[in-house]
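Chemist: Numbering of the sequence shown is given in this note's numbering, commencing with residue 736 and proceeding in unit increments.
Simulated from the structure, these hints should not be mistaken for laboratory data.
For clarity, every value in this text was computed on a predicted model and none was experimentally measured.
Every residue gets a Cβ at the ideal spot worked out from N, C-alpha and C, and that includes glycine.
There could be a bad hint or two in this list.
As the list claims (entries may be wrong) - Label pairs and their calculated CB-CB ranges:
hint : residue 1 : residue 2 : range
1    : Val787    : Gln999    : 48 to 56 angstroms
2    : Met1045   : Lys1065   : 19 to 27 angstroms
3    : Asp750    : Gln790    : 14 to 22 angstroms
4    : Met1010   : Glu1087   : 31 to 39 angstroms
5    : Leu774    : Gln999    : 45 to 53 angstroms
6    : Ser757    : Val787    : 16 to 24 angstroms
7    : Lys1065   : Arg901    : 33 to 41 angstroms
8    : Tyr1028   : Pro800    : 48 to 56 angstroms
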Amino acid sequence: NESFGIRVGDAILGDVARRLKSALSIGDTISRPSSDEFLILLEDVHPGAGVVAVQNRLKEALHRPLYFQGEELHIDFTAGVVFSELREEGPESLIRDAHSALQKAKRKGGSVFEVYSEEKSETSREKLQLEMLVRKALDNGQFRLFYQPQMDLRSNRITGFEALIRWHHPELGIIAPDRFLPVAEDIGLIGKIGEWTLSQAITQLQEWYDDGLRVRVAVNLSPTEFRARTVADYLRKELQRATFPPGALEMEFTETVALENVEQTIEELEEIHRMGLRVAVDDFGTGFSSLTYLKKFPVNSVKIDREFVMSIPHNSDDAAIVSAILAMGKSLGLEVVAEGVETEEQLNFLRERNCEYAQGYFISRPLPAAEARAFLDTVAQHG
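Assemble the whole structure, with the sequences as input and the hints as a guide.
Modeler: In structure tokens form, the structure reads like this:
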């Protein structure tokens, strides 16, 4: 009806209904609950071969073109399928779930039959619920920044922290970022969360500087923020209220994102660098063009990806990669930070190869700001 008008559309849909009915068995029921949707109740159809047989009959019935006022029309259809014998709910629930399967079939495109899955539907409901909770979390102040210490391996002093976001839900407790950040990305909230993170990190760094602490804080840039090219403007605005030296704030971006558009990456990083901020390449070693492009980027440091660090020194390939990155960093005048250090053996391996900085649970887990300050004081006293 939307495409051809009510009169023409009804005539076409009437022909479709007759074709569908011709493909059904005695005892099956067909109705039309909306303008372009049909509801078919089938008897004695079982999962597997039964569905395939019905699908083939319906496709055959609708395969032939329609002719209307000299025009040849071809019909594309999708269907959502639900089995009543597998469920205890009433007809309203069956119709709802069939419609849910239909919407999924439409998203796939083409003549698709989608069988309803309780497990898939539950996953969709959980994702929808999480989306609603993420929207409320930012407004209700449920996000927190934790700070993971970075140690100078030459002096054993804590010289900086990486700011890491956590979601503290009043009922669900701490929700890991790998659960909610992809959702925030999907619903378009990652930019606002990124701005909140930057603002909070700058506020905390200023407090530490006001208390006489001379540390650095690193903040991760999301791929969306980096592609949007809005970070530099937001940083410029936020830094107007700061009195700490710009070099105390470090912006981290992943190597993979940087290599998506090299020229844009260089422009964005140069703008950040001109403000006096430090720039670091996160998850270094995961891209294929690292060495080719690294010298073009205005960066101060690289962070060795934890996947390489976690298996040293026992995995000879990863040990060789880590050693090569350390040597490369030194030759290019870059600081190198090893992420994911979880054992003393790993720390000793890095020290022996003159790695300058390390970060990981062997040194400390991510801490709330007050605990991070206390940890810094403890390390300063005891070394």
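Chemist: Each hint needs a verdict: does it hold in this structure or not?
Modeler: Hint check:
1. Val787 <-> Gln999: 48 to 56 angstroms: 49 angstroms, holds
2. Met1045 <-> Lys1065: 19 to 27 angstroms: Since Met1045 and Lys1065 have Cβ atoms about 23 angstroms apart, the given range 19 to 27 angstroms holds.
3. Asp750 <-> Gln790: 14 to 22 angstroms: Between Asp750 and Gln790, where Cβ atoms are some 20 angstroms apart, the hint holds.
4. Met1010 <-> Glu1087: 31 to 39 angstroms: About 37 angstroms separates the Cβ atoms of Met1010 and Glu1087, which means 31 to 39 angstroms holds.
5. Leu774 <-> Gln999: 45 to 53 angstroms: 50 angstroms, holds
6. Ser757 <-> Val787: 16 to 24 angstroms: Holds: the Cβ-Cβ distance is about 19 angstroms, inside 16 to 24 angstroms.
7. Lys1065 <-> Arg901: 33 to 41 angstroms: 34 angstroms, holds
8. Tyr1028 <-> Pro800: 48 to 56 angstroms: 54 angstroms, holds
Violated hints are absent here; each numbered hint is respected by the structure.
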